[in-house]
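K.L.:
Sequence:
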Amino acid sequence: MVLREWEDLPEFMKNERVKEYYDILSQKRVSLVLKRIFDFVLGFMLLIILSPLFIILSVIIKVDSKGPIMFRQTRVTQYGKRFRIFKFRTMIDNADKIGGQITAKDDARITRVGRVLRKYRLDEIPQLFNIITGDMSFVGTRPEVPKYVEKYTDEMLATLLLPAGVTSEASIQYKDEELLLTNAISVDEVYVNKVLPEKMEYNLRSIEEFSLINDIKTMLRTVVAVVKKEEDKDVRNSVKLKSREKRQEHEW
Numbered sequence: 063m064v065l066r067e068w069e070d071l072p073e074f075m076k077n078e079r080v081k082e083y084y085d086i087l088s089q090k091r092v093s094l095v096l097k098r099i100f101d102f103v104l105g106f107m108l109l110i111i112l113s114p115l116f117i118i119l120s121v122i123i124k125v126d127s128k129g130p131i132m133f134r135q136t137r138v139t140q141y142g143k144r145f146r147i148f149k150f151r152t153m154i155d156n157a158d159k160i161g162g163q164i165t166a167k168d169d170a171r172i173t174r175v176g177r178v179l180r181k182y183r184l185d186e187i188p189q190l191f192n193i194i195t196g197d198m199s200f201v202g203t204r205p206e207v208p209k210y211v212e213k214y215t216d217e218m219l220a221t222l223l224l225p226a227g228v229t230s231e232a233s234i235q236y237k238d239e240e241l242l243l244t245n246a247i248s249v250d251e252v253y254v255n256k257v258l259p260e261k262m263e264y265n266l267r268s269i270e271e272f273s274l275i276n277d278i279k280t281m282l283r284t285v286v287a288v289v290k291k292e293e294d295k296d297v298r299n300s301v302k303l304k305s306r307e308k309r310q311e312h313e314w
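Just so you know, we're using the working numbering here: the sequence shown kicks off at 63 and counts up by one.
If you are wondering where the hints come from, they were derived from the structure by calculation, not from laboratory data.
It cannot be assumed that every hint is accurate.
Unchecked claim - Here are the in silico distance ranges between beta carbons for each label pair:
(1) Val289 x Ile118: 35 to 45 Å
(2) Lys128 x Val95: 39 to 49 Å
(3) Lys237 x Met107: 21 to 31 Å
(4) Met107 x Glu217: 32 to 42 Å
(5) Glu212 x Ile111: 31 to 41 Å
(6) Asn156 x Glu69: 36 to 46 Å
(7) Lys128 x Asn255: 29 to 39 Å
(8) Ile86 x Lys159: 21 to 31 Å
(9) Glu69 x Met132: 15 to 25 Å
(10) Val95 x Lys159: 23 to 33 Å
(11) Ser248 x Asp70: 19 to 29 Å
(12) Gln235 x Lys209: 16 to 26 Å
(13) Arg174 x Asn77: 38 to 48 Å
(14) Leu115 x Glu212: 34 to 44 Å
A virtual CB, placed ideally from N, CA and C, is assigned to each residue, including glycine.
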């Protein structure tokens, strides 16, 4: 991962706010190169290790619902480059033509298998291809579709100094993002005006504090967050069950 010279950045990124973050990253060029090496080596290893799971999930998705195994969508990564992100399909075929591009928790377009994949973030596995090609990194700002990038402020554009990521501190803090958007009258409006700016605060702070060690810590926290989310759900279900049993005993 090579940081371009300031003069070589796209014109739309050259502003005073981006320059502040650029100056920080320019002092960490060696770490950025190591980050790319780390991404490539780990991505290649995981692709081999997870290949059996990759095949199994592909078969399950194909059997569960009509449509392609993979979901491909144009996103924006480093320096504003557009690329095709890969995910396991978790929604009905042509879902993007039926509803919006932001998904709420109880979105009817999500398939039965898709809900499980999204819960454990297994739908993200194909992004290993994006990591190996260099369009993405394990840790970085989640890639947005072009229409949301067009809403970026001057400061938000600084997140495009680095490749988009599979996970980030913002992803951890907003792991229940779909739930937050469930009752929104206009999902797009709430996302652009509330959720996106708040997530960007975490993303920009991550650039200021960038280091390979922090990336690894974020990856580990992501695993913990996914596991903890499911444990919390089990606890809530257990409490509800006990409460229901007590009510039944009272009725008797």
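K.L.:
Should the hint that Gln235 and Lys209 are 16 to 26 Å apart at their CB atoms be regarded as holding?
P.N.:
23 Å, holds
K.L.:
Has the hinted range 34 to 44 Å been met by the Cβ atoms of Leu115 and Glu212?
P.N.:
36 Å, holds
K.L.:
Quick check on a hinted range of 19 to 29 Å for Ser248 and Asp70, using CB atoms only.
P.N.:
39 Å, violated
K.L.:
Does the Cβ pair Lys128, Asn255 satisfy 29 to 39 Å?
P.N.:
At roughly 36 Å between Cβ atoms, Asn255 and Lys128 fall inside 29 to 39 Å, so the hint holds.
K.L.:
Okay, Arg174 versus Asn77 on CB: inside 38 to 48 Å?
P.N.:
46 Å, holds
K.L.:
Given a hint of 35 to 45 Å, does the C-beta separation of Val289 and Ile118 actually sit inside it?
P.N.:
21 Å, violated
K.L.:
Just to be sure I understand the hint, the distance between the Cβ atoms of Met107 and Glu217 should be within 32 to 42 Å; is that true here?
P.N.:
36 Å, holds
K.L.:
Can the suggested window of 21 to 31 Å be confirmed for the beta-carbon pair Ile86 and Lys159?
P.N.:
41 Å Cβ-Cβ, so the 21 to 31 Å window is violated.
K.L.:
Indicate whether the distance between the beta carbons of Lys237 and Met107 respects the range 21 to 31 Å.
P.N.:
25 Å, holds
K.L.:
Should the hint that Glu212 and Ile111 are 31 to 41 Å apart at their CB atoms be regarded as holding?
P.N.:
38 Å, holds
K.L.:
Taking 15 to 25 Å as the stated bounds, is the beta-carbon spacing between Glu69 and Met132 within them?
P.N.:
About 38 Å separates the Cβ atoms of Glu69 and Met132, which means 15 to 25 Å is violated.
K.L.:
Can you let me know if the beta-carbon spacing of Lys128 and Val95 is within 39 to 49 Å?
P.N.:
Taking Cβ atoms as reference, Lys128 and Val95 lie about 44 Å apart, which means the hint holds.
Of the numbered hints listed earlier, those contradicted by the structure are 1, 8, 9, 10, 11.
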